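Q: Taking numbering that gives the first Met the number 0 as reference, the numbering of the sequence shown is continuous, increasing by one, and the terminal residue is 364.
Please note that a few of the clues may not be correct.
[Stated by the list, open to error] List time: in silico SDA-like cross-link candidates among lysine to any residue, alpha-carbon distance up to 20 angstroms:
| hint | residue 1 | residue 2 |
| --- | --- | --- |
| 1 | K271 | L360 |
| 2 | K122 | S341 |
| 3 | K283 | V294 |
| 4 | K271 | S301 |
| 5 | K271 | Y331 |
| 6 | K122 | Y76 |
| 7 | K283 | D255 |
| 8 | K278 | C171 |
| 9 | K278 | E175 |
| 10 | K311 | N343 |
| 11 | K184 | L360 |
| 12 | K311 | G172 |
| 13 | K122 | S301 |
| 14 | K278 | N260 |
| 15 | K184 | G244 |
These are calculated hints, taken from the structure and not from any lab test.
Quick caveat: nothing in here was measured; it's all calculated off a predicted structure.
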Amino acid sequence: MFGQKLNAGWIGMSFVAFGSILPVLAHSTKPLKAAHVQYVPPEAFNGSVIPSFISDNFGFDGARISDYNRSVWDWWYFDVVSPTDNSSIVILFNLAFDTGLLGGSPTTAANTDITGTFANSTKLSYSTEAPNGAVIVTTQEGGSSGSWNEAGIAWSSSSDMKTYVALPRYPCGPKEPRSNLQIAKNFGLANAVPDSNAVVDLTVGDEQTKYTGYGYHDKLLNTELGDRPFVESFTDWYCGHARLGDYSIVWFDFIDDDLANTVSSYASKDGKIITASCKEGAVKVRPVDGPYPPVGDGKFPSAFNIVMDLGKEGILNATVTREVAVMEVPIYERWPGPAIGSINGGPEMTGVGLWEEVNLLNPLA
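The task is simple: from the sequences and hints, build the whole structure.
A: As structure tokens, then:
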């Protein structure tokens, strides 16, 4: 996994919106009204696995895979970015072995990566494993909780997911029954929290920080790749989110291993979805100072331009610019930073976001 073993004291993070709280990394979770409870043992399943790419089979934010061999992976991703300085935190709850997901564990399915930056741009990076596996509880309404047993790490959400700043969505539309989760070939997405007002209380050793920012949560899964390693499973992706003026936006631009391009866009305002689409032209994400399609030159752009079709509201044109890297490995970088944009060339809007690029054309070292 990326980083070192967790020895960080206590980390707390909450996504808060209209009175709802989604605590992350608490030492315990309040049980939800369960529709589905799944225990994931630490050892790899010996056999083939078929993930669920159709909604409602396991609940919106629940596990999408019944058993975990060394090829498949499933994750729950959380992040918060501060609107006033370089503070940020990213937490990944993985169900993955290292052969299925770069950064997964060689020994146990349940593992976690925590990265972030303090206000002074100092970085933190920790990893931990759950030697006795994990338990995921999913409510009938779609909310979830997860406990990575004996790793001291867990999350819990509101059961009905109706109280967040931005409504949940699938890659091609809002949360609706029998929706397709596939955002690209072999990849599925459920975005429970496209945007939120978040509170972070973080202690790492003797260093403590508290701040209020913008939070995000999704889950991503991948099907079996057979004998192909993760680094050969696709070519590149750009994805991220931002609070821009009164708008919450999310973008995903994906190039698969056959160089086919797929996209997914989301925008909401005042608690209402403006667009949630995977149609061609729904969003275009391009590096400001780098080639497209990307090449394997080991470089990452300093900024991205995002053009998103908001339907009747017009065309959003935004630029996000990195200020500090939360994660830096040869094929993968993640950054918080400022966002600036306008709709149809109108009044300028500002905000902040967090985004990433995974470029599998880059050399691993």
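Q: Broken hints, numbered, in rising order?
A: 1, 2, 4, 5 and 15
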